[in-house]
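2 protein chains.
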Amino acid sequence: MVTENKTADVSFESLLRIFTIPEAPGSALSRIEAKLSQNLNEFLREHIVAEEKPLREIEKDFSEAAIPESPVFVSDHTQHLLDTLVSHSVHTSAPSFIGHMTSALPYFLMPLSKIMIALNQNLVKIETSKAFTPLERQVLGMLHRLIYQQDEAFYSKWMHSAKHSLGAFCSGGTIANITALWVARNNALKATDSFNGVENEGLYSAMKHYGYEGLAILVSDRGHYSLKKTANILGIGQDSLISVKTDKNSRLCIHDLEEKISQLKHKNIKPFAIIGVAGTTETGNIDPIRKIAEISQREGCHFHVDAAWGGATLMSNNHRGLLDGIELADSVTIDAHKQLYIPMGAGMVLFKNPNDMAAIEHHAEYILRKGSKDLGSHTLEGSRSGMAMLVYSSMHIISRPGYELLIDQSIDKAKYFAELINEQTDFELISEPELCLLTYRYVPALTAKALQVADNDQKKKLHRLLNGLTKYVQKRQREEGKSFVSRTQLNPHKWDKMNTIVFRVVLANPLTTKEILQSVLDEQREISNNSGSLMKEITKLTHLILK
Amino acid sequence: MVTENKTADVSFESLLRIFTIPEAPGSALSRIEAKLSQNLNEFLREHIVAEEKPLREIEKDFSEAAIPESPVFVSDHTQHLLDTLVSHSVHTSAPSFIGHMTSALPYFLMPLSKIMIALNQNLVKIETSKAFTPLERQVLGMLHRLIYQQDEAFYSKWMHSAKHSLGAFCSGGTIANITALWVARNNALKATDSFNGVENEGLYSAMKHYGYEGLAILVSDRGHYSLKKTANILGIGQDSLISVKTDKNSRLCIHDLEEKISQLKHKNIKPFAIIGVAGTTETGNIDPIRKIAEISQREGCHFHVDAAWGGATLMSNNHRGLLDGIELADSVTIDAHKQLYIPMGAGMVLFKNPNDMAAIEHHAEYILRKGSKDLGSHTLEGSRSGMAMLVYSSMHIISRPGYELLIDQSIDKAKYFAELINEQTDFELISEPELCLLTYRYVPALTAKALQVADNDQKKKLHRLLNGLTKYVQKRQREEGKSFVSRTQLNPHKWDKMNTIVFRVVLANPLTTKEILQSVLDEQREISNNSGSLMKEITKLTHLILK
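Here the protein sequences line up with chains A and X, keeping their order.
Residues in the first sequence are numbered consecutively from 1, following the working numbering.
Residues in the second sequence are numbered consecutively from 1001, following the working numbering.
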């Protein structure tokens, strides 16, 4: 806790000053801003403390629930932020931070973000956003075209049409997924001669009117957790999110999908939406989109593709084939704050049919009047910032071939890392990279041999011990602050679907080098071998099995 | 369209540069950023063209759906943004832009925003946000305490508890309202011995289990349009959002509320939530919160207060009495991007009972593991930015007494403007300000007299003509770009609830002066009197009536 004891005065004149007079160039805040603008990575390396401080300790700095009764000077507060917040934040853009879907960002986005925030537009309506409204519609059009590849006439007809919407810009993929399935639900239970639509009469009446015993959404067992929230909030219930089996590459099994659909229909449960995953969160695998599309069409289901992560792959002509059939989806989620390298807060959902979003259209008297082009009439959110500007600028400054290079290098790097892991005698690759994600774990060479000859009980025991080790190493590595990988639990086919804890790596950051990847493995090896009793137990059991 | 023809090269080396090398101090982007940082108002005055360009014209600059195949230089693109986007954006922070809930923002928020965006934390989990997580929990604690005024022991017990949450930070008030009613719905239809809860089994099963014929949410007819979306998305249906009558000050009628509740119960419809409005969007009025709270308690309903606008009033000890009884609410929505003077994208919902949000708790394997303090386990959204930092800083730099001054001056200014309007013979105040909102219209002095003596038909006719005039003046004033008021349609008691189009004014900007208010009236008078045929018709009918 720093110099919070000095207080500024409270008068209307001093308040007016903070609304009219910028920080002096020499002020603490200006200096920090300048340093960070000059070299972000250096700034963060300098200010984020390497060794992790326990959360309980950090919480002490953020424990006061009373709103301060005296103002502090901006400079003092800035120093306070540096000492308590920035120093214990996460260096998400570090090339060695390869555990989550964050990356270094293009530099030009920082000043552009400041301009965007200074303009403080509200995209809910034209009166508070003007040119930002057609800009956002264009960005949605660009993403729509990237997916659906309609012709010019299509976009000149629909992109700026007051009564239509090609999609919605959202705060993130969760809102995008909810929006897609909200539209799907309302279109599945729409108005008839004797029924006023689920949007007006609600689900209970809708079910009685349509005579269904239940509704269902189908998605593979690797679907994102936001889909559970979606089923919950939409009133369908999480039990109605039907989990379809996956093959050894975490891709949806068509056979099981067919079986689940026929079981549902037998029970008079209407499967109104099927979801394809294009880039599973944990391993980056892509469902057989074209085949799912065919089944959805046959069954009259809304087909949604959750491409929050993998959607950016469409930018690469070399790899867009991985998402073959995506143009058949009724809707697609893409997160620009993932592999389109935009700061946090930029999700999108796109709809193939410009009429689809009419299912959730809404109006109000003081804004969103009928016939207006206000974006707010087709969004789940209300007031929204001008984030679309950052996507627009990146599309122009990086351009499609630039994004192609970024995507290609990330996939190449993942393949390289997979090879590197395979070359080690004491690491085990768990999931092969399809996009730039892969999972693996540390298994001492001898233990790997033991696993081959162990009986079932021994296998389970070893697995449990290795799970403990992976957990320990991941935590220790994070705490030491040199590099970061995440961890998750998978059920690999090769290990008879036993719960297997793995390191999870996302290689989106273009600044991550081969040397860094090597040193991540070195560090994990070292931590493993210094893990004391954990490793001792593993070695003991290994010797027992191999004896 | 500007210099978009020059193209940069596409190579991995040039791409790496945009991730590692900042804009040179002399670059176009740096210069623009510097100018904007030095004097935002001047920058915007200089770059936003005064005269409005028709939207159709602007759209031409945003009509290309193809993602560019060649990159452009940052400087060229910056110039392009200035010419096509910034020039036709809305000067939402101008002191004469008094039509919507935007205002000038404190200067220190601009560099802080840049720091926040550069840190690019993801608040969904601790692994990508670390100290930002306790910071956000503290901010929620501060707002909770502002509303509920619990003691220190309460906050030290709950604020950082892994299994609890005092609320959620959201992208805006709409998500906050949806979150509140999602919690309310799930708690109203929770699990029993023979039922697994609406979150798992869905609404159809829930209704059958509980034996209700329907559900209902009650709110005054001045409730925000986001509540319709809420009823729609939650599967309750918009028809089940029951509209309660308001008195002449747009406040909910307790008598009608009681009647509506008894009608619902008679039909076996469960009213599970009642909403109090604390600051109606159109006129800034506040429902009788304490009385609604008592009824909600008696009926076992969740009581939600939508204080998206009015919540900031709690900062003023002089005016917090206007929200008397708010501490009895089960949940409250507050938008920090409204009268807490934070940039767009900062809504919050607070829950009185730290256990309430358990109704929507969710977990996943790779994040949000049980026992973790990851914020994502209690939010509707997934990945989220570190916006809470801006609220935190403003609380410290402005402090409560600073906010008190800001709130007080806005209410004083609205009262002054109301008096000013009342002093004019040719303006009619439609709604008195309770907070800093008011509505009015232009009515020529003679026409005002005519309205007093007109018969019903004539009154209706005059009203229609005046509506046309108000609409015309509002549009014309916006197009001329000197000042901006919004418009809406009200049904004032004094005019027998006839549809009445009015100017709507929000006086949150501390830089708005009395001179500006005077000139807004002058301009409206002038536009009215130069409106040609519109004014001629009004004059003609006026003379006919007074003859």
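Any given hint could turn out to be false.
What the hints assert, rightly or not - Here are the simulated DMTMM-like pairs of lysine to aspartate or glutamate, each with C-alpha atoms no more than 25 Å apart in a straight line:
hint, chain 1, residue 1, chain 2, residue 2
1, X, K1352, A, E69
2, X, K1163, A, D256
3, X, K1157, A, D221
4, X, K1373, A, E69
5, A, K482, A, E69
6, A, K373, X, E1064
7, A, K352, X, D1239
8, X, K1370, A, E52
9, X, K1370, A, E69
10, X, K1163, A, D239
11, A, K163, X, E1013
12, X, K1228, A, D193
13, X, K1373, A, E59
14, A, K373, X, D1061
15, A, K163, X, E1361
16, X, K1163, A, D61
17, X, K1373, A, E480
18, A, K514, X, E1013
19, A, K352, X, E1042
20, A, K228, X, E1361
21, A, K373, X, E1057
22, A, K157, X, E1361
As the list claims (entries may be wrong) - Pair by pair, the computed Cβ-Cβ distance ranges are:
hint, chain 1, residue 1, chain 2, residue 2, range
23, X, R1017, A, S63, 39 to 45 Å
24, A, T513, X, E1361, 38 to 44 Å
25, X, D1193, A, L544, 31 to 37 Å
26, X, Q1424, A, A162, 32 to 38 Å
27, A, H493, X, E1152, 52 to 58 Å
28, A, N355, X, G1532, 53 to 59 Å
29, A, S63, X, E1515, 55 to 61 Å
30, A, K208, X, G1532, 35 to 41 Å
None of these hints come from the bench; they were simulated from the model.
None of the values given here were measured: they were computed from a predicted structure.
From the three backbone atoms N, C-alpha and C, an ideal C-beta is built for every residue, glycine too.
Cross-check of the supplied hints:
A threshold of 25 Å between alpha carbons decides the hint, and for X/K1352 with A/E69 the separation of about 23 Å falls inside it, so the pair holds. Distance hint between X/K1163 and A/D256 is unfulfilled; the C-alpha atoms sit about 36 Å from each other, more than 25 Å. A threshold of 25 Å between alpha carbons decides the hint, and for X/K1157 with A/D221 the separation of about 37 Å lies outside it, so the pair is violated. About 29 Å separates the Cα atoms of X/K1373 and A/E69, which puts this hinted pair outside 25 Å; it is violated.
A C-alpha spacing of about 40 Å is found between A/K482 and A/E69, which places the hinted pair above 25 Å, so the restraint is violated. Proximity of A/K373 to X/E1064 is assessed by CA-CA distance (about 18 Å); at most 25 Å being required, the pair is judged to hold. Distance restraint check for A/K352 and X/D1239: the Cα-Cα separation of roughly 29 Å exceeds the 25 Å cut-off, and the hinted pair is therefore not satisfied. Between X/K1370 and A/E52, the direct Cα distance comes to roughly 21 Å. Compliance with the 25 Å bound is thereby established for this hinted pair.
As the CA atoms of X/K1370 and A/E69 are separated by approximately 37 Å, the hinted pair breaks the 25 Å bound. Only pairs whose Cα atoms come within 25 Å are accepted, and X/K1163 paired with A/D239 is accepted, the gap being roughly 23 Å. At roughly 44 Å between alpha-carbon atoms, A/K163 and X/E1013 are farther apart than 25 Å, so this suggested pair is violated. With a C-alpha separation of about 23 Å, the suggested pair X/K1228 and A/D193 falls inside the 25 Å cut-off, and the hint holds.
Between X/K1373 and A/E59 the alpha-carbon distance is near 11 Å, which keeps this suggested pair within the 25 Å criterion. With a C-alpha separation of about 16 Å, the suggested pairing of A/K373 with X/D1061 holds against the 25 Å cut-off. At roughly 37 Å between alpha-carbon atoms, A/K163 and X/E1361 are farther apart than 25 Å, so this suggested pair is violated. Under the criterion of a C-alpha separation no larger than 25 Å, the hint pairing X/K1163 with A/D61 is consistent with the structure, at around 20 Å.
For the hint linking X/K1373 to A/E480, the alpha-carbon distance of about 20 Å falls within 25 Å, and the restraint holds. Distance restraint check for A/K514 and X/E1013: the Cα-Cα separation of roughly 16 Å lies within the 25 Å cut-off, and the hinted pair is therefore satisfied. For the hint pairing A/K352 with X/E1042, the CA-to-CA distance comes to about 43 Å; that exceeds 25 Å, so the pair is violated. For the hint pairing A/K228 with X/E1361, the CA-to-CA distance comes to about 11 Å; that is within 25 Å, so the pair holds.
A C-alpha spacing of about 14 Å is found between A/K373 and X/E1057, which places the hinted pair at or below 25 Å, so the restraint holds. Distance check on the hinted pair: A/K157 and X/E1361 sit about 43 Å apart at the alpha-carbon level, beyond 25 Å; violated. Between X/R1017 and A/S63 the CB atoms are about 43 Å apart, so this pair conforms to the stated range of 39 to 45 Å. For the pair A/T513 and X/E1361, the supplied restraint of 38 to 44 Å holds, since their beta-carbon distance comes to about 40 Å.
One distance hint, 31 to 37 Å for the beta-carbon pair X/D1193 and A/L544, is violated here, with the actual separation near 48 Å. In this structure the hint that X/Q1424 and A/A162 lie 32 to 38 Å apart at CB holds, the actual value being about 36 Å. Between A/H493 and X/E1152 the Cβ separation comes to about 54 Å, which falls inside the hinted range of 52 to 58 Å. At about 40 Å, the CB distance of A/N355 to X/G1532 disagrees with the hint of 53 to 59 Å.
Evaluation of the 55 to 61 Å hint for A/S63 and X/E1515 yields a failure: the beta carbon distance comes to about 46 Å. Between A/K208 and X/G1532 the beta carbon distance is about 56 Å. The supplied range of 35 to 41 Å is therefore violated.
Comparing the model with each numbered hint stated earlier shows that hints 2, 3, 4, 5, 7, 9, 11, 15, 19, 22, 25, 28, 29 and 30 do not hold.
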